[in-house]
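Taken in sequence, the protein lines are chains A and B. Heads up: the first sequence begins at 1 in our numbering, then just goes up one per residue. Heads up: the second sequence begins at 1 in our numbering, then just goes up one per residue.
Just so you know, these hints were derived from the structure itself, not from any lab. As the structure is a prediction and not an experimental result, all values here were calculated from the model. There are no misleading hints in this set.
Stretch-level coverage of chain A by chain B, calculated; a stretch enters the list once three of its residues show a Cβ under 8 Å from a Cβ in chain B:
| # | segment |
| --- | --- |
| 1 | 4 to 12 |
| 2 | 91 to 98 |
| 3 | 103 to 110 |
| 4 | 244 to 253 |
The C-beta atom is built at its ideal place from N, Cα and C for all residues, glycine as well.
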Amino acid sequence: MTGFGALLRKELLEQWRTTRLPLVVVVFLLVGLSSPLLARFTPEILKAVGGNQFQIVLPMPTAADAYDQLAKNLGEFGALIAVLLAMGSVATEKERGTAAFILVKPVSRAAFLISKLAAIAATLGVATVIAGAGAWFYTLVLFEPLPVGGFIAAMFLQWLALVAYAAITFVGSTLTRSALAAAGLGVAAFLVLGILSIVPGVGTYLPTGLGAPARALALGLAHVDALGPMATSVGLIGGLVVVSWLAFRRQEL
Amino acid sequence: MTAPTPGAVAIEAKGLTKQFGSILALDRLELTVPAGSIFGLLGPNGAGKTTTIRILAGLAQASSGSATVAGIKVGLDVPELHRHVGYLDQDPRFYSWMTGRDLLAFVGRLHGLDGQELRARVTEMLERTGLGAAAERRIGGYSGGMRQRLGIAQAILQRPTILFLDEPVSSLDPEGRRDLLELITSLRGEATVVVSTHVLSDVERICDRVAILDRGRLVTEGPLQELLDAHARPIYRLAPGPGQDARQSDLIAALRAARWVTTASVSAGTITVTVSDPAAAADEILPLVVAAGVTLDAFERARPTLEEVFLELVGPTAPDDLDGRGFVRPREATRQ
Numbered sequence: 001m002t003g004f005g006a007l008l009r010k011e012l013l014e015q016w017r018t019t020r021l022p023l024v025v026v027v028f029l030l031v032g033l034s035s036p037l038l039a040r041f042t043p044e045i046l047k048a049v050g051g052n053q054f055q056i057v058l059p060m061p062t063a064a065d066a067y068d069q070l071a072k073n074l075g076e077f078g079a080l081i082a083v084l085l086a087m088g089s090v091a092t093e094k095e096r097g098t099a100a101f102i103l104v105k106p107v108s109r110a111a112f113l114i115s116k117l118a119a120i121a122a123t124l125g126v127a128t129v130i131a132g133a134g135a136w137f138y139t140l141v142l143f144e145p146l147p148v149g150g151f152i153a154a155m156f157l158q159w160l161a162l163v164a165y166a167a168i169t170f171v172g173s174t175l176t177r178s179a180l181a182a183a184g185l186g187v188a189a190f191l192v193l194g195i196l197s198i199v200p201g202v203g204t205y206l207p208t209g210l211g212a213p214a215r216a217l218a219l220g221l222a223h224v225d226a227l228g229p230m231a232t233s234v235g236l237i238g239g240l241v242v243v244s245w246l247a248f249r250r251q252e253l
Numbered sequence: 001m002t003a004p005t006p007g008a009v010a011i012e013a014k015g016l017t018k019q020f021g022s023i024l025a026l027d028r029l030e031l032t033v034p035a036g037s038i039f040g041l042l043g044p045n046g047a048g049k050t051t052t053i054r055i056l057a058g059l060a061q062a063s064s065g066s067a068t069v070a071g072i073k074v075g076l077d078v079p080e081l082h083r084h085v086g087y088l089d090q091d092p093r094f095y096s097w098m099t100g101r102d103l104l105a106f107v108g109r110l111h112g113l114d115g116q117e118l119r120a121r122v123t124e125m126l127e128r129t130g131l132g133a134a135a136e137r138r139i140g141g142y143s144g145g146m147r148q149r150l151g152i153a154q155a156i157l158q159r160p161t162i163l164f165l166d167e168p169v170s171s172l173d174p175e176g177r178r179d180l181l182e183l184i185t186s187l188r189g190e191a192t193v194v195v196s197t198h199v200l201s202d203v204e205r206i207c208d209r210v211a212i213l214d215r216g217r218l219v220t221e222g223p224l225q226e227l228l229d230a231h232a233r234p235i236y237r238l239a240p241g242p243g244q245d246a247r248q249s250d251l252i253a254a255l256r257a258a259r260w261v262t263t264a265s266v267s268a269g270t271i272t273v274t275v276s277d278p279a280a281a282a283d284e285i286l287p288l289v290v291a292a293g294v295t296l297d298a299f300e301r302a303r304p305t306l307e308e309v310f311l312e313l314v315g316p317t318a319p320d321d322l323d324g325r326g327f328v329r330p331r332e333a334t335r336q
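Whenever a hint applies, use it, and build me the whole structure from the sequences.
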């Protein structure tokens, strides 16, 4: 891991200077704030749009609806942003020649790769914290307070799922010189995982399987089994990093 | 940077071969670069200069053969190698969002520098490469020449024992080129410098050893002066005084008939004679002038140039040998 510290510092500075970090934080904050709002006012919006032409009977929204809306939005917008962050991380550096510039310095290729994924994970982490804080606060204002500890744990699981999507795209970015091809792999993996998530016995152990325990934790429900999907997601991310390294260490720049 | 040990070997390549599909970019290259030398790697476009440097710098992998740089076996993921090596690409690319100072500080940190030492080294490099005034500007706004200077600064920042420069003056203006050549010359004795270029006058100015590559093969290698002495044929320039047209014609005819003359031509009143046998020419050229009754205003035995050596060894490139990019077509592996 020679050079990891200096590389991570550069990656984090790049996230900031290229405005990726502020932009992602703003998008996640909007997701966080809008989710409880949508949950709270969707019945009234539908009523206003429908007028007296047809009657829609919707149950009174609850804090659980606010969380579900947040989880859905993070699962879609968040995953898309994870793919966008990871798609060019290695491919663009190879294409532009900056990877060659760095890798003739005393830097191991493992450090080069891991610093990049760590910076993406950090950006997603900061953004998830901001989104979670915004959503928790608006849920408090519009509904009722959710358990703080459980909600933080839920946001951790959501973040882990996003890092898994980023790691899949990251492998694509390492294997190719095209950010678009990497994004294609990320989106394809997102769809495949979505399909596999409905397979009984399999879905629980995929990153998509983190949704159920995250919900239970956020709402303070009694039965939570998060360890299985957590372990497989962490294992998946670790495995993807190893695959990236095995491919990248043999590549000419 | 520790001073190179006299007589030590900085770089050694044994049977270095690089194949891209059926194309043989480098063909069993044998190369020894003494420590402390400024070593010119010459050849036409497509000769294998950049491939050689990329393999030695650990950016590309040889198909076969091996090489050591600073005693370390080269390979793709060898951080230890890069503690000793500085490298400048022919088209250096950096992060456009960084300033020049940011980039050098980043490179310094990668080499383990920090604190006051890092700041001092960065400032020194910025001044040494004439980028002090542009240090706080984003690299995205730098000209090609400024990027090249920044490339030099980052390559020598950690005071490497071995420095690879791939076409370092390609995008510099005359002043920048002069400054860079002076900078390279100033590294003599401090580092081993390998410079690839096809600007032969630059090589003559700064290099003490050269290797000439052609289509992936080493044509020759050795000390510059030995190479000039061994390969270059002297050129004689004779300037007859005015009003001797008939005698001058006789002299040219006599020169062309001599077995040691390759060519004899007249241009702007000066007779230029290229020779195949320098010893015979030295003995016989003036007696021929005297025999023709020609009086001379000037007589010169011109110093042989590296360009002549290069053309003698590599020869002019035929249009059929060039690909669409102006590169010499490489050898095909099956034809070796």
